[in-house]
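Order-wise, the sequence lines are chains S and E. When you read off a place in the first sequence, starting at 1, and then add 55, the result is the number in the numbering used here. When you read off a place in the second sequence, starting at 1, and then add 28, the result is the number in the numbering used here.
For the record, the hints were derived by calculation from the structure and aren't laboratory data. Computed from a predicted structure; not experimentally measured. Check each hint, because a few of them may be wrong.
Stated by the list, open to error - Pairwise CB distance ranges (calculated):
| id | chain 1 | residue 1 | chain 2 | residue 2 | range |
| --- | --- | --- | --- | --- | --- |
| 1 | E | P109 | S | K138 | 34 to 42 Å |
| 2 | E | S85 | S | G95 | 26 to 34 Å |
| 3 | E | Q42 | S | V154 | 40 to 48 Å |
| 4 | E | N33 | S | P57 | 31 to 39 Å |
Stated by the list, open to error - Only part of the chain E face toward chain S is listed, based on derived beta-carbon distances under 7 Å:
| id | residue |
| --- | --- |
| 5 | G70 |
| 6 | G126 |
| 7 | G133 |
Stated by the list, open to error - BS3-like cross-link-like pairs, simulated, lysine-lysine; straight-line CA separation at most 25 Å:
| id | chain 1 | residue 1 | chain 2 | residue 2 |
| --- | --- | --- | --- | --- |
| 8 | S | K133 | E | K98 |
| 9 | S | K138 | S | K97 |
| 10 | S | K112 | S | K97 |
| 11 | E | K64 | E | K98 |
| 12 | S | K97 | S | K133 |
| 13 | E | K64 | E | K139 |
| 14 | S | K112 | S | K133 |
| 15 | S | K112 | E | K98 |
| 16 | E | K98 | S | K97 |
Glycine residues also receive a C-beta, built at the ideal position from the N, C-alpha and C atoms.
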Amino acid sequence: EPEVTQTPSHQVTQMGQEVILRCVPISNHLYFYWYRQILGQKVEFLVSFYNNEISEKSEIFDDQFSVERPDGSNFTLKIRSTKLEDSAMYFCASRRDRVSGNTIYFGEGSWLTVV
Amino acid sequence: GQQLNQSPQSMFIQEGEDVSMNCTSSSIFNTWLWYKQDPGEGPVLLIALYKAGELTSNGRLTAQFGITRKDSFLNISASIPSDVGIYFCAGDDSGNTGKLIFGQGTTLQVKP
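Model the full structure from these sequences, guided by the hints.
So, in structure tokens, the structure goes:
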């Protein structure tokens, strides 16, 4: 079964450093997402991406965050200057289209620890 | 913004017991989803509901999409130790950007 893959699985970074989290969505999917889950809390929407541009972003997704689809397969989330409160599990997700029934598939997550 | 209220927050039950959890929303969703998350892993889809009133089963799991499209419940029958985890409901915002809105989660612990 096709799957969304994410790297790295775990990254520890110093506060103020830049971090890039990488994702390879399912190949025929057109909509891409990043979600965040702080330890012990619910999964929160960060950003959706379609047709090479952001289609929606949440309040969490401030100027420190950016996304990019640099080639036909990768979808990245960059955090420019990490803060302690950015420590969380970051999930990439994709779906083929917005037709009800074509649901979202999640990657295994990238656990980011900011120290 | 859209919010889902999921309850209960946690449950501690004996193996073999049935479990029920539910989600309500102030907004209408066209699709309701139930996910399970094991520690350190991503959410895994359990059941998807597409029509108001729909009742769907997946093994020992049964879920229903409320008639008003603002609520859903998930039942687990005859619980087993591997049912332990966090269960999330999610509403599919397919009409806009297709993002999911998640509930707060129900942590299930099963005592053998």
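How the hints compare with the structure:
no.: 1; hint: E:P109 - S:K138: 34 to 42 Å; verdict: holds (38 Å)
no.: 2; hint: E:S85 - S:G95: 26 to 34 Å; verdict: holds (30 Å)
no.: 3; hint: E:Q42 - S:V154: 40 to 48 Å; verdict: holds (42 Å)
no.: 4; hint: E:N33 - S:P57: 31 to 39 Å; verdict: holds (33 Å)
no.: 5; hint: G70; verdict: holds (4 Å)
no.: 6; hint: G126; verdict: holds (4 Å)
no.: 7; hint: G133; verdict: holds (5 Å)
no.: 8; hint: S:K133 - E:K98; verdict: violated (35 Å)
no.: 9; hint: S:K138 - S:K97; verdict: holds (20 Å)
no.: 10; hint: S:K112 - S:K97; verdict: holds (17 Å)
no.: 11; hint: E:K64 - E:K98; verdict: holds (20 Å)
no.: 12; hint: S:K97 - S:K133; verdict: holds (21 Å)
no.: 13; hint: E:K64 - E:K139; verdict: holds (18 Å)
no.: 14; hint: S:K112 - S:K133; verdict: holds (14 Å)
no.: 15; hint: S:K112 - E:K98; verdict: holds (23 Å)
no.: 16; hint: E:K98 - S:K97; verdict: holds (19 Å)
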